[in-house]
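> Sequence:
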Amino acid sequence: MKITQIYKLMTDCYERIDLFLTRWMARYGLFVLRLGMGVVFFWFGALKLVPNLSPAETLVRNTIFFFDPDLFLPVLAIWEMLIGVGLLIGRYMRLTLLLLFAQMVGTTLPLALLPQAVWTAFPFGLTLEGQYIIKNLVIIGSALVLGGTVRGGRLVADPQPG
1 MKITQIYKLM
11 TDCYERIDLF
21 LTRWMARYGL
31 FVLRLGMGVV
41 FFWFGALKLV
51 PNLSPAETLV
61 RNTIFFFDPD
71 LFLPVLAIWE
81 MLIGVGLLIG
91 RYMRLTLLLL
101 FAQMVGTTLP
111 LALLPQAVWT
121 AFPFGLTLEG
131 QYIIKNLVII
141 GSALVLGGTV
151 RGGRLVADPQ
161 PG
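Quick note: the sequence shown uses the working numbering, first residue 1, plus one each step.
Hints in this document: simulated from the structure, not taken from any laboratory.
Any given hint could turn out to be false.
[Stated by the list, open to error] Here are the computed distance ranges between Cβ atoms for each label pair: (1) R23 x L71: 46 to 56 Å; (2) F65 x R23: 44 to 54 Å; (3) P69 x Y14: 49 to 59 Å.
Source: prediction; values computed, not measured.
All residues carry an ideal CB built from backbone N, CA and C; glycine is no exception.
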């Protein structure tokens, strides 16, 4: 077998595998993304219902000083669990994403209100809490992707030229 034949065989094999994987990801990616986000929101919300179980509890208590934290934490917990349920069942996505984006605004408050809890050296050095907050950029991006599907949008593995 010539080297050109081997090369052709390898590139054909690569193309078949790549097409299979890309189609699989396009078919199931949004579903897995939605379920994963749903589990995270439900789980993190449920942790906030049990005193001293959520690693974010102290940060929330110190940030939301304008509300009674003993009242606010259960409300936040249920809010996050509702987001989780909405994502898990895949219904009422507009409302679910509205709740999510409103919650994301709240999660950024420590960046301004508690800089000592977020930064070790502004603007790049982050504490563990700061990393916890900054990773929400991924959640926001994921929510934008899911929001792009509420009117029937979907991922397409191999779009047709046109």
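> Okay, which hints does this one fail, numbers in order?
Hints that this structure does not satisfy do not exist here, as all of them hold.
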